[in-house]
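Visitor: Residue numbers (full-length UniProt numbering), protein chains in the order written: chain U, 1 to 288; chain R, 1 to 171.
Worth flagging that the hints you see were computed from the coordinates, not collected in a lab.
Warning: the hint list may mix true and false statements.
What the hints assert, rightly or not - Here chain U is said to cover these stretches of chain R; the calculated rule only asks that three of the stretch's residues, wherever they fall, bring their Cβ under 8 angstroms from a Cβ of chain U:
id : stretch
1  : 34–43
2  : 90–102
3  : 140–152
From the three backbone atoms N, C-alpha and C, an ideal C-beta is built for every residue, glycine too.
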Amino acid sequence: MLQTITKDTGNSGLSSPFRGTGGFILHLADSALVLGQRNAEWTAHGPVLEQDIAITNIALDLIGQARNFFAYAAQAYNESKDAGKASFNNLLPRPWIAFNRELQEDDLAFLRDERQYLNLLLCELPKGDWAFTILRQYLFSAYQLPLFQQLAQGSDQQLAAIAAKGIKEVTYHLRWSAEWVIRLGDGTEESNRRINKALTELWPYTAELFEPSQIELDAAASGIPIRLEEVQVSWQNHIHRVFGEAGLTVPTNKPFQKGGKAGIHTEHMGHLLAEMQYLQRTYPNQQW
Amino acid sequence: MVSKTTDTSRITEQEVWSILEKVKDPEVPVLSIIDLGVLRGVQLDASGKLTITITPTYSGCPAMDTISMDIRLKLMEYGIREVQIIQQLSPAWTTDWMTEGGKKKLRAYGIAPPNPKQQVCHQELFATEAIQCPHCNSWHTELISQFGSTACKALYRCTDCREAFDYFKCH
Chain U
1 MLQTITKDTG
11 NSGLSSPFRG
21 TGGFILHLAD
31 SALVLGQRNA
41 EWTAHGPVLE
51 QDIAITNIAL
61 DLIGQARNFF
71 AYAAQAYNES
81 KDAGKASFNN
91 LLPRPWIAFN
101 RELQEDDLAF
111 LRDERQYLNL
121 LLCELPKGDW
131 AFTILRQYLF
141 SAYQLPLFQQ
151 LAQGSDQQLA
161 AIAAKGIKEV
171 TYHLRWSAEW
181 VIRLGDGTEE
191 SNRRINKALT
201 ELWPYTAELF
211 EPSQIELDAA
221 ASGIPIRLEE
231 VQVSWQNHIH
241 RVFGEAGLTV
251 PTNKPFQKGG
261 KAGIHTEHMG
271 HLLAEMQYLQ
281 RTYPNQQW
Chain R
1 MVSKTTDTSR
11 ITEQEVWSIL
21 EKVKDPEVPV
31 LSIIDLGVLR
41 GVQLDASGKL
51 TITITPTYSG
61 CPAMDTISMD
71 IRLKLMEYGI
81 REVQIIQQLS
91 PAWTTDWMTE
101 GGKKKLRAYG
111 IAPPNPKQQV
121 CHQELFATEA
131 IQCPHCNSWH
141 TELISQFGST
151 ACKALYRCTD
161 CREAFDYFKC
171 H
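So that you can see chain U by itself, here it is in the shape it has in the complex:
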C-alpha cells in the first residue's frame, strides 16, 4: 500500500521548510534524477532489445538533465553571498560540510537525506511492469515539455539554456511513450488490462504535478516564469488526445497524493536512495 502523509495548509501550497529558487532547481534536478534511476533499472531487462535501448537512452537523457541542474545549483550556491547561501540551508548534504571544499553536483545527487529530496512522488514509484513504466514516462514527459518550454523563456539564462537543451530530448520521450501508450491501450486484451491497471495506480500521483508548492511560489516570486495552470492545460489536452487513440478513459476521480516537493516521500524512496547513494556514502569522494 503506497501511502503518503502530508500536512496540507490550504490553497497556498504545502507547508515546506524549503525556500528560495535553490529549492526549485533541486526539485527539477531530483525529479529527473530519480526517474532516470528508475528507468535505468530496466538496463538489460527490457522486453525486447530495441526498447531496452530506448528506455535506457531516456534514463541517460534524464540523468544528463539532472546533472545540468545540479551543477547549476552548486554553482549558484558557491557564488552567492551569505543571504543567498541561507536559502540553501535545509538543502545542503550533511556529509559535505566536513569535506571543507566547494559544493559539487555529485554532493547534491548522492549525499542528501531523503527529506531533502524534492522530486515528484510519481518519479520514485517502483518501475513496475512495462505498462507502468511507459505510462509513468508518458505522464511525466507530457508535464516536463510544457514546463521546460516556460523555463526556456525565462531571464535566468543558465536555467533557460538547460531547459532549451532538454526540450529536444523530452520531445522524443513524449513521442515514444505516447506511441507506446497507444500500442498497449489499443493492443491485446492483456496489454489493455495492464495499462489500465497502471493508470489506476498512477493517477492519484498526478495531483502534485500541478499544485504549486512553496518552492514554485518562491521561484515565481523571484521571476522564474512558471505557470503550472498552463502546464496542466497542455498536459490535459495531450492526455485526452492520446488516451482517445489508445481507447483509455481519462479517470474522473480527483488525484490526491502529494508531498514530494516538500520532501515527504513514499516508503519506496529510502530503498531507492540506499542503492543509489551506497557508493558515495561508503567511500566518500570516490571516483572511477
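Starting from the structure of chain U, add chain R where the hints point.
Guide: Below, chain R alone, put in the same frame as chain U:
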C-alpha cells in the same frame, strides 16, 4: 603545418582550430568535433591564455568528458599545456550545426546523416521521416527503433538492400 613544439605564445587561434580538427567524436570516429559542431569557440587572449568552448549534443552525452580529455591530449602533443575548456549549453546544439562536409563523411561511413531540422523535426505520433539508405541510396527504408546505439542515433532498415543502418537523428 603547425610545429610540434608550439606554445600559446607563438600560436594563433586559426592554428588551434586546425589542431582540433584532429579530435574525433569518440562514438562516431569519422567526424571531427568541428564537423559535428561541438567545438564552439577558440579564444586566445593577449596573455596567451587559451579558452576552448564546446557544447554537448545531448544533456547526458557521455562523450563530453572524453572529448574534453582528447582536446587536452591533442593540444599537449603540440606543447600546449594550459587550456581552459568551457561547456556552453546556449544556444542549444542542433543537427543543423553539423557541417555539410560532416554529413558527407557520415554517409560514407554508413550512417545516414540528419535531415534538415526545419523540415522534419516534429511530434506527430507514428510519423516516420523519409531516410535514404547510406548503403544503396534507396528511399525504401523503415524505422526499427527511435533510439539506437548512442543517444544521437535511431535504427533503420533498408527494404531494398536489407541492411540495417544507423540514422543520426534530427535534433
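Visitor: Give a verdict on every hint.
Guide: Right, here's what the structure says about each hint:
no. : hint    : verdict
1   : 34–43   : violated (count 0)
2   : 90–102  : holds (count 5)
3   : 140–152 : holds (count 7)
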